[in-house]
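Enquirer: Chain by chain, the residues run as shown.
There are 2 protein chains.
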Amino acid sequence: MRTLPEKAEEFRRLHHGTTPLVLPNAWDVPSARIFEDAGFPAIATSSAGLMVSLGYPDGQAMPKREFLAAIGRIAGRLSVPLSADVVAGFGRGPREVARTVGRVLDAGAIGINLEDLDPAREGLFPVAAQVRKLRAIRELGASRGVPLVINARTDALRHSPGEHAERLREAIRRATAYRDAGADCVYPMGLTDAASIETFVAALSCPVNVMVRKGLPSLAELGRLGVKRVSFGPAASYATMGLLRRVGAEILEHGAFDSLVEGAITFDELNALAVPRPPAA
Amino acid sequence: MRTLPEKAEEFRRLHHGTTPLVLPNAWDVPSARIFEDAGFPAIATSSAGLMVSLGYPDGQAMPKREFLAAIGRIAGRLSVPLSADVVAGFGRGPREVARTVGRVLDAGAIGINLEDLDPAREGLFPVAAQVRKLRAIRELGASRGVPLVINARTDALRHSPGEHAERLREAIRRATAYRDAGADCVYPMGLTDAASIETFVAALSCPVNVMVRKGLPSLAELGRLGVKRVSFGPAASYATMGLLRRVGAEILEHGAFDSLVEGAITFDELNALAVPRPPAA
Chain A
0 MRTLPEKAEE FRRLHHGTTP LVLPNAWDVP SARIFEDAGF PAIATSSAGL MVSLGYPDGQ
60 AMPKREFLAA IGRIAGRLSV PLSADVVAGF GRGPREVART VGRVLDAGAI GINLEDLDPA
120 REGLFPVAAQ VRKLRAIREL GASRGVPLVI NARTDALRHS PGEHAERLRE AIRRATAYRD
180 AGADCVYPMG LTDAASIETF VAALSCPVNV MVRKGLPSLA ELGRLGVKRV SFGPAASYAT
240 MGLLRRVGAE ILEHGAFDSL VEGAITFDEL NALAVPRPPA A
Chain B
0 MRTLPEKAEE FRRLHHGTTP LVLPNAWDVP SARIFEDAGF PAIATSSAGL MVSLGYPDGQ
60 AMPKREFLAA IGRIAGRLSV PLSADVVAGF GRGPREVART VGRVLDAGAI GINLEDLDPA
120 REGLFPVAAQ VRKLRAIREL GASRGVPLVI NARTDALRHS PGEHAERLRE AIRRATAYRD
180 AGADCVYPMG LTDAASIETF VAALSCPVNV MVRKGLPSLA ELGRLGVKRV SFGPAASYAT
240 MGLLRRVGAE ILEHGAFDSL VEGAITFDEL NALAVPRPPA A
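Residue numbers (numbering that gives the first Met the number 0), protein chains in the order written: chain A, 0 to 280; chain B, 0 to 280.
A couple of the hints might just be wrong.
Copies of the same chain look alike in the list, so a pair counts if it fits in one copy or across any two.
Claimed, not checked - With a Cα cut of at most 25 Å, we get these calculated SDA-like pairs of lysine to any residue:
#1 Lys63 with Gly75
#2 Lys63 with Ala201
#3 Lys213 with Gly241
#4 Lys213 with Pro277
#5 Lys213 with Glu268
#6 Lys63 with Pro278
#7 Lys213 with His253
Hints are computed from structural coordinates only; laboratory data are not their basis.
Go ahead and model the full structure; you've got the sequences and the hints to work with.
Expert: Structure follows, in structure tokens:
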């Protein structure tokens, strides 16, 4: 078993490869473990996926204690590094947010996503306030001896005023401040077109995360644009729920079970996902 | 909101229709809610699906407290009746098993599955011991005023000695005893071929549950054979994990995201699954 600092270092290295790190976001133990078995070198959680799976809408309606327990369950069954989406940090100020991140490290994760959208009012936090939180998290990591990977998300492209060009400038301004406060990677939510990605990456000179969605440039193209990390966001939850919806319609409308039994894994394969992967021989 | 007794009565009625009740087994809130939205009139849990999703192998390794919390989360977000697979009842004797079922009712479910395979030794419980548990559950329901639906599973087809015909006789003998002890429905695990299903149904004269699997007769044929309930077992978990495995292979081998973004639901649709369905207008 590697230590948390070793896992954090490994996760950081993955952000500096010649091709983008593809980071699948899971929401429970088997979704995380099946991605690990598929060969992904690190796993992240999706806040929407994880919270909805436990009966809470995305945001911070979920009690922090339940959230941390869920992160602990997943981290405890993974061998590869885990990054946790902590939304806005489950706290108001830098001290409270850093305390949340400390609990996330206790749970076994070595990376976090922190966003600058205030879930209470759907507006952006002031840059200075967000910077204080990021600095507090960086200091927390240093004091704990865990060089955790901070992915700083900005929602400026969706929630700041003006036209696209103006919003892009604001996203760059915010991401730059977050990088300078100690973020390892920045994540402009809603950045999807090649031209904007190129502009953003050129302005930042640090790893940039984009999220998979329909219409995003191909992985090869993203690599050429200088993107260093491509995450799923809640896409895998959307996809599996889409499958279950098709399963339901097929059975209720046609009495057929094909999409339920085709391409499925077995009982033993499912059961094996509940426990850590056996060490390679 | 209907009361537990009303939900239990409704669930019981669904076992006596002219076509089989198709009962999808879910494992968390959104898998249950998406099946409800698809139009299924009742939902069940899969023990393997639910337990693995929380990091425990199928069986009774999961702490009872966590198991009951998971049932409560799902029941609390459903409008239709929920049946819980309680494996062997999380207890040794009739009193302990009935206490578990009482907690399952407290959590909001109105049906249970109880199996006669001892998870501790992978052998069948004596019939008389299983009968005592079923009677205790029936009495618990009566004392609580909740006519819960008991689905008594027997694993005789897989775990009793002899050839298929001998095992089928043992499964019928056990299912008959369970029915007479108060089970509403019997569930011979591993019953899949039309001839055996026909024999079994004719011998029982009470609702019989079969589980979906590749090679099972069609739903229409199962209806002609007299089957009253067709459950998914862990099939939906197998199917979704199969999808995630394909997603992973497609991305890691081909750099493509098609199976991740095609046929998916949206963020708002996912988020809506965390809360009870709005009442019909």
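Enquirer: Could you work out which earlier hints the structure fails to respect and list their numbers in ascending sequence?
Expert: As far as the earlier hints go, 2, 4, 6 are violated by this structure, in ascending order.
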